[in-house]
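Asks: Sequence:
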Amino acid sequence: MSFIISFLKRFFQSMLHLLSFSHRTISNTLNVYIKTNTGKSLSVDLDPKWDIKNVKEMVAHQLGLEPEEMKIIFAGKELDDSTVIEECDLGEQSVLHAVKTRSSPTGGSKPLCETLVDLQLTERQRVGDSRRAHFYVYCASPCKAMCVGKLRVRCSSCKGGAITVDRDPQCWDDVLEPHRITGDCQNEGCVSAIYSPGIGATQEGGDGPRFSQFFFKCSQHTSQGEEDQAVPLYLIKPNIHNIPCLACTDVK
Numbered sequence: 137m138s139f140i141i142s143f144l145k146r147f148f149q150s151m152l153h154l155l156s157f158s159h160r161t162i163s164n165t166l167n168v169y170i171k172t173n174t175g176k177s178l179s180v181d182l183d184p185k186w187d188i189k190n191v192k193e194m195v196a197h198q199l200g201l202e203p204e205e206m207k208i209i210f211a212g213k214e215l216d217d218s219t220v221i222e223e224c225d226l227g228e229q230s231v232l233h234a235v236k237t238r239s240s241p242t243g244g245s246k247p248l249c250e251t252l253v254d255l256q257l258t259e260r261q262r263v264g265d266s267r268r269a270h271f272y273v274y275c276a277s278p279c280k281a282m283c284v285g286k287l288r289v290r291c292s293s294c295k296g297g298a299i300t301v302d303r304d305p306q307c308w309d310d311v312l313e314p315h316r317i318t319g320d321c322q323n324e325g326c327v328s329a330i331y332s333p334g335i336g337a338t339q340e341g342g343d344g345p346r347f348s349q350f351f352f353k354c355s356q357h358t359s360q361g362e363e364d365q366a367v368p369l370y371l372i373k374p375n376i377h378n379i380p381c382l383a384c385t386d387v388k
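Each step along the sequence shown adds one to the number in my numbering, with nothing skipped, and position 162 is 298.
There's no promise every hint is true.
Subject to a maximum C-alpha distance of 27 Å in a straight line, what follows is the list of computed DSS-like cross-link-like pairs (lysine-lysine) [what the hints assert, rightly or not]:
1) K280 <-> K373
2) K295 <-> K246
3) K189 <-> K280
4) K246 <-> K185
5) K280 <-> K388
6) K236 <-> K280
7) K176 <-> K236
8) K189 <-> K236
9) K246 <-> K280
10) K373 <-> K388
11) K246 <-> K373
What follows is a set of in silico ranges between Cβ atoms, one per label pair, in the way DEER data are often shown [unchecked claim]:
12) L312 <-> P345: 14 to 22 Å
13) E324 <-> C384: 52 to 60 Å
14) N378 <-> C279: 23 to 31 Å
15) D304 <-> K280: 39 to 47 Å
16) P278 <-> D309: 28 to 36 Å
No wet-lab data here; the hints were simulated from the structure. Treat the numbers as computed from the prediction; the structure is a model and nothing was measured. Idealized CB from N, CA, C, for every residue including glycine.
Can you make the complete structure from the sequences, with help from the hints?
Replies: This is the structure we're talking about:
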């Protein structure tokens with residue numbers, strides 16, 4: 137009997153949430169995928185002005201969860217409820233990871249694009265510099281050009297994106313070299329690997345640390361899935377000192 141009452145309660149709550157969101161007028165939508173650590177996916181249209189709390193309220197009951205017992209992970213960060221979607225550097229058909237909290241919620245953080253220091257700057261240049269980190273990549277398909285890139289992260293063991301990094305990268309070596317930054321992978325069944333210097337993964341360990349694997353995506357085209365990535369052009373640096381070009385005198 138209690139099971140039936142619980143089911144009916146969840147059903148009516150789900151209907152109320154759907155009705156409340158249906159009355160909102162969304163003038164500018166962003167289509168993204170919500171993926172759980174059990175493999176379930178939802179395609180939803182979000183207003184870039186919404187915050188993460190709105191997202192949780194919209195999708196929680198469709199995933200069989202309560203908003204307060206789930207967390208949203210993107211680019212290695214558990215996003216705080218107050219984080220606004222347009223601050224997260226999301227593109228069309230990006231993937232947000234919805235995970236049931238293992239214990240009492242500890243609160244999220246700002247997205248990676250907000251907390252990451254510019255890897256191009258020296259320690260002295262970073263002092264007083266509040267600009268976001270930005271990167272250049274070569275997009276082989278479909279752009280076939282040099283483009284502005286976005287930094288993303290996944291678990292090096294299971295290749296899933298439901299991982300939170302233990303610290304932000306501080307230099308290019310943290311991003312380009314493997315096994316530099318550990319993380320907490322939320323994917324069910326993720327098994328860590330034992331690594332040997334110069335050899336790489338040697339065997340599945342199970343209880344060892346999970347490492348974060350960083351990669352880049354092109355920001356100029358719609359995401360083509362979690363395997364979509366671009367080549368980082370780490371030798372190309374922004375003109376932070378606004379030095380004019382000798383040929384055209386432009387500083388861009």
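Asks: A separate judgement is required for each hint: does it hold in the structure or not?
Replies: Results of checking the hints against the structure:
| no. | hint | in the structure |
| --- | --- | --- |
| 1 | K280 <-> K373 | holds, 20 Å |
| 2 | K295 <-> K246 | holds, 23 Å |
| 3 | K189 <-> K280 | violated, 38 Å |
| 4 | K246 <-> K185 | holds, 16 Å |
| 5 | K280 <-> K388 | holds, 21 Å |
| 6 | K236 <-> K280 | violated, 39 Å |
| 7 | K176 <-> K236 | holds, 13 Å |
| 8 | K189 <-> K236 | holds, 14 Å |
| 9 | K246 <-> K280 | violated, 32 Å |
| 10 | K373 <-> K388 | holds, 11 Å |
| 11 | K246 <-> K373 | holds, 25 Å |
| 12 | L312 <-> P345: 14 to 22 Å | holds, 19 Å |
| 13 | E324 <-> C384: 52 to 60 Å | holds, 55 Å |
| 14 | N378 <-> C279: 23 to 31 Å | holds, 27 Å |
| 15 | D304 <-> K280: 39 to 47 Å | violated, 31 Å |
| 16 | P278 <-> D309: 28 to 36 Å | holds, 30 Å |
The structure is inconsistent with the numbered hints 3, 6, 9 and 15, although it conforms to all the rest.
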